[in-house]
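Colleague: Sequential numbering of the sequence shown, starting at 12, is according to the working numbering.
Hints should not be assumed to be uniformly reliable.
Derived lysine-lysine pairs resembling DSS-like cross-links, with alpha carbons at most 25 Å apart [to be verified]: (1) Lys69 / Lys81; (2) Lys69 / Lys59; (3) Lys83 / Lys69; (4) Lys59 / Lys149.
Simulated restraints, written as ranges between beta carbons of each label pair [unchecked claim]: (5) Pro231 / Ser117: 33 to 39 Å; (6) Ala146 / Asp176: 28 to 34 Å; (7) Val143 / His202: 38 to 44 Å; (8) Asp223 / Arg38: 37 to 43 Å; (9) Val142 / Ala203: 27 to 33 Å; (10) Gly97 / Val142: 36 to 42 Å; (11) Ala203 / Pro231: 50 to 56 Å; (12) Arg210 / Gly96: 23 to 29 Å.
It should be emphasised that the hints constitute simulated quantities derived from the structure, not laboratory data.
The structure presented is a predicted model; accordingly, all values stated were derived computationally and were not measured.
The C-beta atom is built at its ideal place from N, Cα and C for all residues, glycine as well.
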Amino acid sequence: QSHDMKHPYLGPDGTEVTAGVEEILPRAAFSLPLSHGTVTARPPSRAKLEAARGALAKELGRYPKGFLRKAKLRRVIFCEDLEEGGRSIPSLPNYASTLLVDADASPAFLARLVHHEVFHFVDFADDGLVVVDPAWEKLNPADFRYEGGGRTIRDPKASAPTGPDGFVTRYATASLEEDKAEIFSWLMNDHALLAARSRGDTVLAAKVARIDAIVRAFFPTSPAPYGSWP
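Sequences and hints are given; from them, build the entire structure.
Modeller: Printed below as a string of structure tokens:
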């Protein structure tokens, strides 16, 4: 989902989260009428902003020069009480080349979440599609069906790396785009854990290899998205 960034309540504070990614702070509570429901939020407290800003700056700074620009991630909006359709959400990607982040989340959670969201940007930027990938679906057992989208699983515990066979987390069973983003986030957050999970799980191992191939095709000069990156 992409829009021009035109909203009276949003404005930059003159800083960057990391090279090439602008920080935007709400001047007041705001609402954005989007296709899946109205998104609302309010300005973050200074303490929560500083913690969230630090977590994102560190993680976004790990990407090779030019990677985030090619992914069309240009801005981050820090806010609190982020909701979509009246339900709390931790973040929202791909709004006008912008990532909305609820600063109320813990820095440890944000350190993984940001990579999940970065992959959504990559997934959209490479071919304009995020919900259709027949080749990916063929990696799953023939009788498996995704649950209908990330909005069908709201339990925060669903992001723990204890998903069923073939999936790094239960949240990954929600949709193919969430499946991909969850794998990438754990590659970036804890490659050793994902490698251990992949041993003896041929489906998960095939998905890890596919994500690696997608990232290399998207940004050919980059090393693997784990290990070699800082």
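Colleague: Next step is simple, just say for each hint if it's right about the structure.
Modeller: Quick rundown of the hints versus the structure:
1. Lys69 / Lys81: The hint holds at about 19 Å.
2. Lys69 / Lys59: This hinted pair holds, its Cα atoms lying about 16 Å apart.
3. Lys83 / Lys69: Holds, at roughly 19 Å.
4. Lys59 / Lys149: Violated - the C-alpha atoms of lysine 149 and lysine 59 are around 42 Å apart, more than 25 Å.
5. Pro231 / Ser117: 33 to 39 Å: 35 Å, holds
6. Ala146 / Asp176: 28 to 34 Å: Violated, at about 20 Å.
7. Val143 / His202: 38 to 44 Å: 28 Å Cβ-Cβ, so the 38 to 44 Å window is violated.
8. Asp223 / Arg38: 37 to 43 Å: Because 41 Å falls inside the window, the suggested range holds.
9. Val142 / Ala203: 27 to 33 Å: 31 Å, holds
10. Gly97 / Val142: 36 to 42 Å: Once the Cβ atoms are compared, 23 Å apart, the range 36 to 42 Å for valine 142 and glycine 97 is violated.
11. Ala203 / Pro231: 50 to 56 Å: With a Cβ separation near 26 Å, alanine 203 and proline 231 fall outside 50 to 56 Å, so the hint is violated.
12. Arg210 / Gly96: 23 to 29 Å: 40 Å, violated
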